[in-house]
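Asker: Here is what each chain is made of, one letter per residue.
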Amino acid sequence: MLDIETLKSKLIELFHLEEVHVEDLSDDAALFQDGLGLDSVDAIELTIFLDNEYGIVFNSMAETETAFASIRKLLEYINEHGEL
Amino acid sequence: MKMNFKVNAVARVYAKSKCDNLDEKRLVPKMMLRRRLTRSAKIMIYLSDLCNFSDGPVVYGSAYGEMQATADITGAIANSQPISPTAFQNSVYNTAPSYFSLLYGNRNEILTISNGDDTSANVLQAAALQALTMNCEVLLICSEALNIPNIDEVNTCTDFLESGVALTIMPTDEMPNTVVKKKIHSGFVPSLWDMLDVADACEAQSEPVITLEL
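Heads up: the protein sequence lines correspond to chains A and B, in order. Sequential numbering of the first sequence, starting at 1, is according to this note's numbering. Sequential numbering of the second sequence, starting at 1001, is according to this note's numbering.
Simulated from the structure, these hints should not be mistaken for lab results. Treat each hint with caution, since some may be false.
Claimed, not checked - A short, non-exhaustive set of chain A residues, derived as facing chain B with CB atoms under 7 Å:
#	residue
1	E13
2	H21
3	V41
What the hints assert, rightly or not - In silico SDA-like links for lysine to any residue, alpha-carbon gap of 20 Å or less:
#	chain 1	residue 1	chain 2	residue 2
4	A	K10	B	D1072
5	B	K1030	A	H81
6	A	K10	B	A1087
7	A	K10	B	Q1081
8	B	K1030	A	G37
Unchecked claim - In silico negatives: residues of chain A with every beta carbon more than 10 Å from chain B:
#	residue
9	S9
10	H16
11	L31
12	G37
13	I44
14	N52
15	Y54
16	A69
Don't be surprised by glycine CBs; every beta carbon is placed ideally from N, CA and C.
With the rest of the complex left out, here is chain B:
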């Protein structure tokens, strides 16, 4: 089934090593919360702010999840050290949207998806379904934060160790005015590509309406 969706906002951020302007002091004024944020959480909060979204359903995706927290845990195990509870609680895939919800008191549904290179394609599908069933605006975010020590020894897939893309969509009866074309986004983690396709198409169009297959 194909349905049409209005894309209300598009945002992206990326850097070869570390995104250095995520505005976290303004966005997360409480230091005791800010000190626990992972890189993915900071990227998510930054992108959601650019999309002017703080309350509503969220679909979040990441192929690799919380790499630094996971590395901290495996490093501790390898060295027979106790596992840090902070690393443990930050190691799950839904860490970023959870901090987002804590920050804004957002009690709406959150769905987290991880499916390798198809992650953002699945996020688009899930968010479309969510927007349709709830008839409201949904925030979609995919991000990767791979900048951990020694990553260069194993990284062969991306030039941008930190990257994220966000959209807000809502169902519409309007006809589509934007065609989304599949592209190769060299340098970006493939898990973001499908959402980058949508972002590229929508940034070039005023009040874009796209068709998504459910």
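Only chain A is shown next, with the shape it has when bound in the complex:
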């Protein structure tokens, strides 16, 4: 099982979020727009990361929207569908 602190740490590293620490990120923070502020390029970067790290390939836009809704939702999706 992946824990939320580890996931936050991986996201900080993946997106080069300088000066952001694990404790700064709320579990329910949105990944895009008003939350972490990620953009469309980051969405592709995250998709590639999930495939490389956890063998996750999305089959529909609805799945992506669910998984990318927040850090907590992403964690739940990885733990449910990922190769851990």
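Keeping the supplied structure of chain A fixed, place chain B upon it in accordance with the hints.
Answerer: This is chain B only, laid out in the frame that chain A set:
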């Protein structure tokens, strides 16, 4: 045709491995933009700030371009991995001036030149023409950022893996008071040499005016 140009600002930066004081947190306060900057972009933004230039035409040159992003892409291909979209968008030669324009909202013309060892000579020519036709100040920058893993296995041409030189010029009717001499700038990538010649001459002169051949 020869024309005279006033050199309003000169700046340079270089380091054997990595320039560690590019002041990027002050110059690029928005972290979400800063996190994407390449080394060349950071060098360019730093030098343009030293030249007090944020709005106007830009001519940028680099012989080797975005080495790290290119290495990331070729490494991914070699390992049959998907290509990072960030590496892809950062791999083009005009990455640095594009981030500069994004940062300052500069909508003026940008020209990017890459021509091996003649890069900075061509940048000088292009910028002179640009300044003349638009009758305004133009920023010229040449930079190289070669500090990627394993570079020592192939690097035989430079001691300074990161380097950049910048000038701002504008046309003038004044007579030249500065003679630019061609020199060998040992340790620097030859693509910068012609602009380093101008920088050396102008730093030793108050309100320098030089002649450039178009």
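Asker: Compare the structure with each hint and give your call.
Answerer: Cross-check of the supplied hints:
Among the interface hints, the one on A/E13 is violated; its C-beta lies about 11 Å from the nearest C-beta in chain B, farther than the 7 Å criterion. The restraint placing A/H21 at the interface with chain B is violated, with a minimum CB-CB distance near 13 Å, outside the 7 Å limit. This hint holds: A/V41 has a C-beta 5 Å from the nearest C-beta of chain B, less than the 7 Å allowed. With a C-alpha separation of about 19 Å, the suggested pairing of A/K10 with B/D1072 holds against the 20 Å cut-off.
Annotation: proposed proximity of B/K1030 to A/H81 is violated, straight-line Cα distance about 35 Å (limit 20 Å). Proximity of A/K10 to B/A1087 is assessed by CA-CA distance (about 18 Å); at most 20 Å being required, the pair is judged to hold. The hinted pair formed by A/K10 and B/Q1081 meets the criterion: a straight-line CA distance of about 19 Å does not exceed 20 Å. Between B/K1030 and A/G37 the CA atoms are separated by roughly 11 Å; this keeps the pair inside 20 Å, and the hint holds.
With a least CB separation of 16 Å from chain B, A/S9 remains clear of the 10 Å interface cut-off, as annotated. At roughly 4 Å, the least C-beta separation between A/H16 and chain B is not larger than 10 Å, which violates its mark as non-interface. With a closest Cβ-Cβ approach of about 13 Å to chain B, A/L31 is found to remain outside the 10 Å limit, as its non-interface label requires. At roughly 5 Å from the closest C-beta of chain B, the C-beta of A/G37 falls inside 10 Å, breaking its exclusion from the interface.
Distance check on A/I44: its Cβ comes as close as 5 Å (rounded) to a Cβ of chain B, failing to clear the 10 Å threshold; non-interface status is violated. Under the 10 Å C-beta cut-off, the non-interface status given to A/N52 relative to chain B is violated; the minimum distance is some 7 Å. No Cβ of chain B approaches the Cβ of A/Y54 within 10 Å, the least distance being about 14 Å, so the stated non-interface status holds. Residue placement check: A/A69 keeps its beta carbon more than 10 Å from all beta carbons of chain B (closest about 20 Å).
Consistency with the previously given hints fails for numbers 1, 2, 5, 10, 12, 13, 14, ordered from lowest to highest.
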